[in-house]
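Can you join these two chains into the complex? Each is in its own frame, and there are hints to help.
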Amino acid sequence: MSAVEERSWTGRLRRRAVAALPPEKLLPDKQPSYVASWIYVFGVLSLSALIVIIASGTILALKGPTWWHFTGVGHFFNSIHLWSVELFFFVMVIHLWGKYWMAAWRGGRARVWITGAVTFLVAIPCALTGYVSQQNFDAQWISTQAKDAMNAAGIGAFFNLLNFGQMYSWHVLLLPAAVVGIVIAHILLVRKHGVVPPFVLQDKAAGTPQPAPPPAEPAATAADGERSL
Amino acid sequence: MAAVFNLNHHASYVHWHFFQMSVSNVIVIVLMLIVFAVAILAPFPKGGSA
Chain A
-17 MSAVEERSWT GRLRRRAVAA LPPEKLLPDK QPSYVASWIY VFGVLSLSAL IVIIASGTIL
43 ALKGPTWWHF TGVGHFFNSI HLWSVELFFF VMVIHLWGKY WMAAWRGGRA RVWITGAVTF
103 LVAIPCALTG YVSQQNFDAQ WISTQAKDAM NAAGIGAFFN LLNFGQMYSW HVLLLPAAVV
163 GIVIAHILLV RKHGVVPPFV LQDKAAGTPQ PAPPPAEPAA TAADGERSL
Chain B
506 MAAVFNLNHH ASYVHWHFFQ MSVSNVIVIV LMLIVFAVAI LAPFPKGGSA
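Just so you know, the protein sequences line up as chains A and B, in that order. Going by this note's numbering, 201 is the number at position 219 of the first sequence; the sequence numbering is gapless. Whatever position you read off the second sequence (first residue = 1), add 505 for this note's numbering.
So that you can see chain B by itself, here it is in the shape it has in the complex (with noise of 0.2 Å):
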């Protein structure tokens, strides 16, 4: 079965002085700091109460 991405290549790097980590980590992690984030300035929403 095909992948959505093209998976026939060596993987992406970040490398930055002693730190380095693969592309797709990078981005989970951002992602996950995005949502964070957004967990704590989105407005929940009204209703509901007692």
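Chain A extracted, bound-state conformation (with noise of 0.2 Å):
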């Protein structure tokens, strides 16, 4: 390694990057064979969900609120994003309920839940500033009952909620950059510490006396220990 590679910024972050995140790390094609079970896919369906938003939400930005209100692909379009934000909450809630009940925190992971449920907060006014962006009767009911929210809750100082283009960019830009921000993240995260194991393997690893498995039940073997993506 030469003197200037050793002291650049960019080749120390290299580096770090590369140690930290090697490219079987980063991009796998193996699991362990505990991720195939469906309360597995729900986080990736999350991410899905999420590309479908930000995807439909970029035309809308496009087209504008006349397209959305009046024309056939506006309406569908318009749709399409409110069901995926939808969709997006249903499954990232599970995806929530699942890693809980398997307290995805442990082994080092405390960074990997923090990201992952400060997605979720973020998320919700995200989906909320989508309300009052809709340039409609209803985006002008919901401002002015969230506005009296807001000054209830004393945080009506900082949010306008009567102001359309500070509510609006709110949502198509400061929010959504933050929860995107947030899921690269929370997948590289995932990515470095691989996938939560049941508890049951984690007590094998300790060393902790486990219950003797029912005799019906095939032994594992090392083939099952990995599976293919």
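Derived by calculation from the structure, the hints in this document are not laboratory data. Hints are not guaranteed to be accurate.
Keeping only pairs whose Cα atoms sit at most 27 Å apart, straight-line, the calculated DSSO-like set for lysine-lysine is [said to hold, decoys possible]: (1) A:Lys129 to A:Lys12; (2) B:Lys551 to A:Lys12; (3) A:Lys186 to A:Lys7; (4) A:Lys7 to A:Lys174; (5) A:Lys186 to B:Lys551; (6) A:Lys7 to B:Lys551; (7) A:Lys186 to A:Lys174; (8) A:Lys12 to A:Lys174.
Facing chain A, a subset of chain B residues (Cβ under 7 Å, in silico) [unchecked claim]: (9) Trp521; (10) Met537; (11) Val540; (12) Ala544; (13) Ile545; (14) Ala547; (15) Phe549.
Glycine is no exception: its CB is placed at the ideal position from the N, C-alpha and C atoms.
Pasting the structure below:
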């Protein structure tokens, strides 16, 4: 390694990034066998819904409110945007329940859990500002009600729900950027630490005595250890 | 454009002591609980073993 490479911040950053996330960890082609359960599917379902939200929201932003209110294709993309958000929260809550009950913060995964929880919290105002960005009477009604809620909560000085420009900026730029940024961090942390193992495997690794499996159950083989994606 | 359901009436609510929630929200939460249970109990397709 040359002295320049040693000193440069890009070289140092690259070495740290590769050490934390070597390519085979960043883009794995195998996962542990315990991942073969439907409950592990809800993380990637949330991610898929988020991609549809961003794509449909980008089209809505490009075309504008007249298009989404008064054309057939505009109605279609408006509905795609709404229902992908509904689906996003539906599957994200199931992902959250699953990870809560398997205590997914175990094994040094606290930051994985925290970034997931913060994504959920940031996604809520991201969705709610969408209701006041519709540019219709529904949005006007919701914004006047929400203004009172903000004032009652003591944070009305920071958010003006009646200011469409401010709410639209929160909805299409600031909050989505936060959600996407935290989701990227969440996924990189999952790649770094791996998917949390079931309690029984962690206890086995720690040497805790386990109850004997029922005799009918076939013993796990080495080949069961990993599954190709 | 017409809605699939007739929305031209007040929302229906479930009200039981301190608990109050719209029927649509109750339906979504019950659906989430069902999907959660199915996700844990349903067998995952085999195949692709290393």
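For each hint, the structure was consulted:
no.: 1; hint: A:Lys129 to A:Lys12; verdict: violated (49 Å)
no.: 2; hint: B:Lys551 to A:Lys12; verdict: holds (15 Å)
no.: 3; hint: A:Lys186 to A:Lys7; verdict: holds (24 Å)
no.: 4; hint: A:Lys7 to A:Lys174; verdict: holds (7 Å)
no.: 5; hint: A:Lys186 to B:Lys551; verdict: holds (24 Å)
no.: 6; hint: A:Lys7 to B:Lys551; verdict: holds (24 Å)
no.: 7; hint: A:Lys186 to A:Lys174; verdict: holds (22 Å)
no.: 8; hint: A:Lys12 to A:Lys174; verdict: holds (14 Å)
no.: 9; hint: Trp521; verdict: violated (22 Å)
no.: 10; hint: Met537; verdict: holds (6 Å)
no.: 11; hint: Val540; verdict: holds (6 Å)
no.: 12; hint: Ala544; verdict: holds (4 Å)
no.: 13; hint: Ile545; verdict: holds (5 Å)
no.: 14; hint: Ala547; verdict: holds (6 Å)
no.: 15; hint: Phe549; verdict: holds (5 Å)
Checked against the numbered hints above, the structure breaks hints 1, 9 and satisfies the rest.
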